[in-house]
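Enquirer: Residues per chain are reported as follows:
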Amino acid sequence: MTLQAAAREAEESITLEVTRYEPDGDTEPHTQSYEVPLRKDWTVLDGLNYVKNSLDPSLSYRWSCRMGVCGSCGMNVGGRPSLSCGTFLSDFAPGPVRVEPLSNFPVIRDLVVDITDFLEKLPTVKPWIIRDDGDVDVHAGEFLQTPAELDAYSQFSSCINCMLCYSACPVYGLDPDFTGPAAIALAERYNLDSRDQGARERLDVLIEREGLWGCTFVGECTRVCPKHVDPASAIQRYKLKAAQESVRAVLLPRGA
Amino acid sequence: MGAAHDVLIVGGGAAGLRAAIGISQSSPDLDIAMISKVYPMRSHTVSAEGGAAGVAAEDDTIEEHIYDTISGSDWLGDQDAIEAFVNEAPHELLQLEHWGCPWSRQPDGQIAVRAFGGMKKMRTWFAADKTGFHLLHTLFQTSLKYSALRRYDEWFVTRLLVDDGRVHGVVAVELATGEIHAITAKAVILATGGCGKVFPFTTNANINTGDGMALALRAGAPLKDMEFVQYHPTGLPFTGILITEAARAEGGWLLNKDGYRFLQDYDLGKPTPTPVLRSMELGPRDRVSQAIYGEIQKGRAIDTPYGAVVNLDLRHLGAKLIDTKLPFVRELCLKYERIDPVKELIPVRPVVHYMMGGVHTDINGATPIQGLYAAGETACVSINGANRLGSNSLPETLVFGARAGNAAAAYVRSVGDRSGAVEAAIRAQADDEVRRLRTELIGRDGSERVPEIREQMQHTMETAAGIYRNGPDIATGAGELGELQERMAKAGVADASRAFNTELTAALELANMLDVAQSMLISAGQREESRGAHQRTDFPKRDDTRFLVHQLVHRDDDGGLRTEHLPVTITRWQPGERIYGR
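Chains as they are written, first to last, in this note's numbering: chain R, 1 to 256; chain D, 1 to 582.
Honestly, the hints are just simulated from the structure, not real lab data. Treat the hints with caution; some may be incorrect.
Footprint (simulated), chain D over chain R, 3 or more residues, beta carbon under 8 angstroms [unchecked claim]:
no., segment
1, 149-162
2, 187-196
Capping the alpha-carbon separation at 20 angstroms, the derived lysine to aspartate or glutamate pairs in EDC-like fashion look like this [stated by the list, open to error]:
no., chain 1, residue 1, chain 2, residue 2
3, D, K145, R, D41
4, D, K490, R, D56
5, D, K335, R, D41
6, D, K343, D, D362
7, R, K227, R, E201
All figures in this text were calculated on a predicted structure; none of them were measured in a lab. Note that the Cβ used here is the ideal one computed from N, Cα and C, for glycine as well.
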């Protein structure tokens, strides 16, 4: 059954209160309300698609996989950073449901935010395998990695770059220079990978850019993460290592 | 004219990223760019679950993977391409390992492999059941090492610039601003993924609208084997979310409404408590989906508001195995069906999953247009023939992404600069495209609406090109698509704003899908036989005399489509019966 056909069968409805903003026409954002069918298996994304297809074709938002893995459809739902494809309308009954763009990012239009800042920060933490011996010949076979060694970093490898943690992070909101939860978690993902030897290099980058110190361990990033990555613990581990390194640096100047 | 590059890669999924990294490594002097309508890590590779096939185990051989793939393709795959693919897949998967892909491991730290449908040996590498996600993010993050790689994220390509049989670049809309740009390139690689959204019920993401196929077709490059659409046996009802074949590889059973393992009635072997390779639940996707359809016809499926379903039973596998090997399956079932597969049956039904056909290429990804390459699901090399085996598509993106990248780099070195006349010709094309977008589409409040045409197209395709097809239905569907094309010409984009105009992208995507859908039906109508995923009730037998051939679809200048046959490359494996479970 298609979305439209499903909608025709629905009886109950719920109101979406959606933030609208169109840069050429609007001087500031405003709220627009839409009545959408309330069905138990409908997500907020299904509701938005109903609006787009049947009520208002101009509403703009990103979405793709509708199964919580592509990271496109992050938005604030009921005041909380959420994947709209993984958030059900029925959890907000009888409504209304507030749907707003993610916080802490410039808004391009409606629910679409500009995440260029994250994409510029991501390469700075060098989220790739770094080896002292350069690239090892692939013909030499695989690097052995036991299931326990895999477990050591696998949680941090689950980040889908959905930006919910940046939206939730009060520090990033105040200090845009803060490298931020997802990027630091990805740095730690490689640090903890038994195949990687780049931890020191990444630490230098984070210390030098002061990308690390801002975090005050509020833990909002971990609470909103849809993939249980726990960026807060990554940041905490990183800070500890950085503090140890600074002590070392005083006692043992580099190269010693 | 806007920016100029040596190689422009359209699409940022696995095939596009693999090509980009390959060229960046081997030809750092070349100017490479990647353009995609989504950020690379949003690409649909991200949704692949089960794994990637490549011979690794000691008891496995290259020869057996080749044979499985050829027989799985119902002898329509090109055997030279399949040999190259099977030979190079293990190297590519190891390369991913070196780039950091978190492959699941054996206790001693070696790569683990699992069983998969239609495969005679365990050879599917996996990263739990989020293989595509990990593969994509590994590639994306590795690509960030190459800071010279220019990315155009969230740019929508609307046209290929082609003059005298040679590609020269693209025209694209920058979504954030709505600005339209021409970008020139000596070589263009299409890596835009599949086209599942042509159908109403699909595992595919919203972005899988066949863009690269439509771009190529309109530019004069033919599409190949477009009648072969893969239905995956196990999608969740309503959402169509994929439940990976790995669920069956790990020991899951398919049950009808009586709790009976019905695949035994469809010449797929006898039920055993633990999985047997190339048998029962580990049969190929085409045959398993056809068996489910058979149960539905016999009234032995379960009716739901979202169509008839059968059940996937994982309960006997236990929580520990499910949480280790199939955690995403459990997460998806809990979230979207509110059932726990540890304790409950999963309702599933066949769902459109993959396009075997695509842009016609040779073994190096080259299309008949000079400088234009294609790789991944967009392309049809063909290694998949009439039916792709599960876990062959991820290594396909890597092997042929790398090959297309190498070939494009070599081509760029072989061609000189454009003449002034060519420069003028492509400038005129670009201006023409800008005018088309600005005056014929954006802000035109047409009498037809995109969502309605799209829903009708999807309905038409499900009726005409489902698991079983017949001549009259295909002809009716083709007629309906013709009417929909006429309606599409009257559709407008009422939203005239420039910033992130998703009404515009939806219209452009629908135009692409209509062309792709027409290619599917013309091919399906002319293939009067049953082979692999193309089952004709009016021609129920495979007919090697007439149809051991690929079908190419060409688009003429007047917009009409015509087909042409191309021989299948047979090297050492003569066509035979496909045997599973006996």
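Enquirer: All hints, please: hold or fail.
Expert: Going through the hints against the structure:
{"no.": "1", "hint": "149-162", "in the structure": "holds (count 9)"}
{"no.": "2", "hint": "187-196", "in the structure": "holds (count 4)"}
{"no.": "3", "hint": "D:K145 x R:D41", "in the structure": "violated (42 angstroms)"}
{"no.": "4", "hint": "D:K490 x R:D56", "in the structure": "holds (19 angstroms)"}
{"no.": "5", "hint": "D:K335 x R:D41", "in the structure": "holds (10 angstroms)"}
{"no.": "6", "hint": "D:K343 x D:D362", "in the structure": "violated (48 angstroms)"}
{"no.": "7", "hint": "R:K227 x R:E201", "in the structure": "violated (27 angstroms)"}
Violated hints for the displayed structure, listed by number in ascending order: 3, 6 and 7.
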